[in-house]
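Engineer: Sequence:
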Amino acid sequence: MNRNSKRREALLYHAKPTPGKIKIVPTKKYATQRDLSLAYSPGVAEPCLEIAKDVNNVYKYTSKGNLVAVISNGTAVLGLGDIGPEASKPVMEGKALLFKIFADIDGFDIEVGTKDIEEFIQTVKNIAPTFGGINLEDIKAPESFEIERRLVEELNIPVMHDDQHGTAIISSAALLNALELAEKKIDRVKVVVSGAGSAALACANLYVMLGVQAKNIIMFDKEGVLHNGRTDLSDLQKRYTSGKAGITMAEAMVGADVFLGLSAGNILSPEMLLDMASNPIVFAMANPIPEIDYQLAIDTRNDIIMATGRSDHPNQVNNVLGFPYIFRGALDVRATKINEEMKMAAVHALAALAKESVPEQVNIAYGETKLVFGRDYIIPKPFDPRLITTVAPAVAKAAMDSGVALQPIQDWEEYQDQLMERLGSDNKMVRLLTNRAKTDPKRVVFAEADHLDVLKAAQIVHEEGIGKPILLGNRELILELKEELGFDADVPIYDPKTKEEDQRRLRYADMFWKSRQRRGISLLDAQKWMRERNYFAAMMVNEGEADALVTGYSRSYPSAVKPIMQLIGKAPGISLIATTNMMMTNRGPMFLSDTAINPNPTADDLAKIALMTAKTVRMFGMEPVIAMVSFSNFGSASDLSATKVREAVSYLHNYYPDLVVDGEIQADFALNPDMLKAKFPFSKLAGKKVNTLIFPNLESANITYKLLKELYKVDSIGPIVMGLDKPVHIFQLGASVEEMVNMAAVAVVDAQEKIKKLKNFNIKF
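All residue numbers for the sequence shown refer to my numbering, where the first residue is 447 and numbers rise by one.
Hints should not be assumed to be uniformly reliable.
As the list claims (entries may be wrong) - Simulated restraints on C-beta separations:
(1) PRO575 with ASN712: 12 to 22 angstroms
(2) GLY527 with GLU565: 12 to 22 angstroms
(3) SER1096 with ARG453: 54 to 64 angstroms
As the list claims (entries may be wrong) - Simulated crosslink set (EDC-like; lysine to aspartate or glutamate; CA at most 20 angstroms straight-line):
(4) LYS467 with GLU557
(5) LYS474 with GLU492
(6) LYS690 with ASP678
(7) LYS462 with GLU532
(8) LYS884 with ASP758
(9) LYS571 with GLU600
(10) LYS684 with GLU669
(11) LYS1130 with ASP1120
(12) LYS902 with GLU455
(13) LYS943 with ASP971
(14) LYS462 with ASP1161
(15) LYS928 with GLU455
(16) LYS546 with ASP1161
(17) LYS1203 with GLU989
(18) LYS816 with GLU1069
(19) LYS506 with GLU496
(20) LYS945 with GLU922
(21) LYS1134 with GLU1156
(22) LYS462 with GLU1185
(23) LYS462 with GLU1184
(24) LYS914 with GLU1199
(25) LYS884 with GLU910
(26) LYS902 with GLU1184
(27) LYS586 with ASP678
(28) LYS943 with GLU922
Worth flagging that the hints you see were computed from the coordinates, not collected in a lab. Note that CB positions come from ideal geometry on N, CA and C, so glycine has one too.
Turn these sequences into a full structure, and let the hints steer you where they fit.
Structural biologist: Right, dumping it as structure tokens:
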């Protein structure tokens, strides 16, 4: 994508359909006059009076305890510098968004229009009663140090400048594990630091707390080495003046054990890297261009242990590993501050987590067979669901042990459950899905690429590295639309109706005819059908000239699925094709089947649909907990529809006893664990969180998923086709660009799985 196109997309994202990235949503009922009289006058007087009696009741009756202010004056915004408070607002809104999606913390951005330290501090102090915590962001050094120090001292709520401490905490965890792998003692290592701003100084300070000797740290800024003779250094920088006047970074790197880069791209040369000690540890964290290119670094030293700030390389030092969970733990015990003990607890929790067995969900998300602690895995991955249940409790406990927790946790097991519940409130699965697709992108045919929205989806798939699009449709129209979108990448374009594709079309027709000549298909029929894009695209996948196919945007589902059923065979051992939709609900991903293919499945069909859906759920790294839903509960009705569900469950219990599945059961009981446990304690679903619903017929499944999608704006991925031998997936008519991108990611992941199985089959036999 050219710069103008990227700029336009970014501006549209922030402007449409509603300006900004966050909004306020009521958490209480407000439909009736009674509700409103409780929410406001006269009912609101009661909590006001209780808070007036005891100010701590503000945590009991208001949202203060889960509300963090993201505050900046816009003096050091990302790589943009001093752009002012208003211009910093999109960044602060973005930080608030991250708080919500990773730790279920409500963030509210505050942009302060002053550069004066005293005015800034007083402003924050004046508004602090509103918030449970303060996240300082993008404030230039050295002012940021004084602002944070004063606010920590003068407020009784957690305050942290994430630009400093976030990077310090994550890189410190990485350092501990890297030193262990390099078999080096922390008090003996020589560290060279490029950069002397707030993040670099915070890192150095935390390294010293871990055991690095300050005298062994040589620090550089844009003026050169920090040394005792310089008069332009802040008090904090003066701690790291052990370098000799005039020494260059190249000279300092000789024999160095650790390089910490928080400066500018491409300033560390291969020659400098070669001069480092054995098993060098290099944290090149300038973004988007590291101090040394990752591939160049590992090609230069095969014994290197390297981390960067980029997501496309191993060992990403990403602040999102820290700040959401640090504040989560601090808020949950009502800590009066975030102290050094809490930061160190986060460091050790992150370091320890990298040594534990990685959940399959994380392996799947990153396309790994098995992530194992080692040189390419020294810190956890940002999508690891264990972060909230590991870092937050460690921080909370450290707050309690250090005496700054006003509301200590009594039941740690219950607290862990509460943290897990918070994970279900966002669309992490979409990020996991696209991230997994990016690990090994496949060739995806977009069979209707001469439609603007389909081409937009293909463009995003290409630019995000999710897959490698192949465009089908009217070539001239596609080229016009590409120019309009700024989609200037050179991707394959095929128009099945043109002379240029005569040879390929005739070859496909001949192959199709030979496979179907005893089923009433003539060669002439085959040749005619190959002019149709869905037939042509399906043959591309069949012949290995593409890895996956997505289609259906402009046609009804039955007309789109017909050629697929004719050309693409069922997977080995499969006798039924079905679909599932993954719905991103506020309780986490829910799989609904069958939403598009089988109008009135038999008991045998329902059992097969349940088994295929279970397999799909596992493909996404989750363990299926399946409710076979009906209008009946465990034999309460003898209707044919309820009976076939009951028979399907009986079959699954007999032949797949380890599968967590039960029914027939009404949807409200299936989704309400308390109701289910109280009424049907014998059920295999009792005490478990259902994530899969199998419906008795197409009508009920299709209506349900579309109601969820439209009434509650629940994001949907699907219908995901199950049971085909090739990765082919069909959009719903008029699908959105986002839905098509997500389906393309599903197609890529499906292709990855099928290729992997084929390889394993070949190896085995």
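Engineer: It remains to establish, for every hint, whether it holds in the given structure.
Structural biologist: Each hint tested on the structure:
no.	hint	verdict
1	PRO575 with ASN712: 12 to 22 angstroms	violated (47 angstroms)
2	GLY527 with GLU565: 12 to 22 angstroms	holds (21 angstroms)
3	SER1096 with ARG453: 54 to 64 angstroms	holds (60 angstroms)
4	LYS467 with GLU557	holds (15 angstroms)
5	LYS474 with GLU492	holds (16 angstroms)
6	LYS690 with ASP678	holds (16 angstroms)
7	LYS462 with GLU532	holds (19 angstroms)
8	LYS884 with ASP758	holds (9 angstroms)
9	LYS571 with GLU600	holds (8 angstroms)
10	LYS684 with GLU669	holds (14 angstroms)
11	LYS1130 with ASP1120	holds (14 angstroms)
12	LYS902 with GLU455	holds (11 angstroms)
13	LYS943 with ASP971	holds (15 angstroms)
14	LYS462 with ASP1161	holds (17 angstroms)
15	LYS928 with GLU455	holds (15 angstroms)
16	LYS546 with ASP1161	holds (17 angstroms)
17	LYS1203 with GLU989	holds (18 angstroms)
18	LYS816 with GLU1069	holds (18 angstroms)
19	LYS506 with GLU496	holds (10 angstroms)
20	LYS945 with GLU922	holds (14 angstroms)
21	LYS1134 with GLU1156	violated (28 angstroms)
22	LYS462 with GLU1185	holds (17 angstroms)
23	LYS462 with GLU1184	holds (14 angstroms)
24	LYS914 with GLU1199	holds (17 angstroms)
25	LYS884 with GLU910	holds (8 angstroms)
26	LYS902 with GLU1184	holds (9 angstroms)
27	LYS586 with ASP678	holds (16 angstroms)
28	LYS943 with GLU922	holds (12 angstroms)
Hint compliance for this structure: hints 1, 21 are broken, all remaining hints hold.
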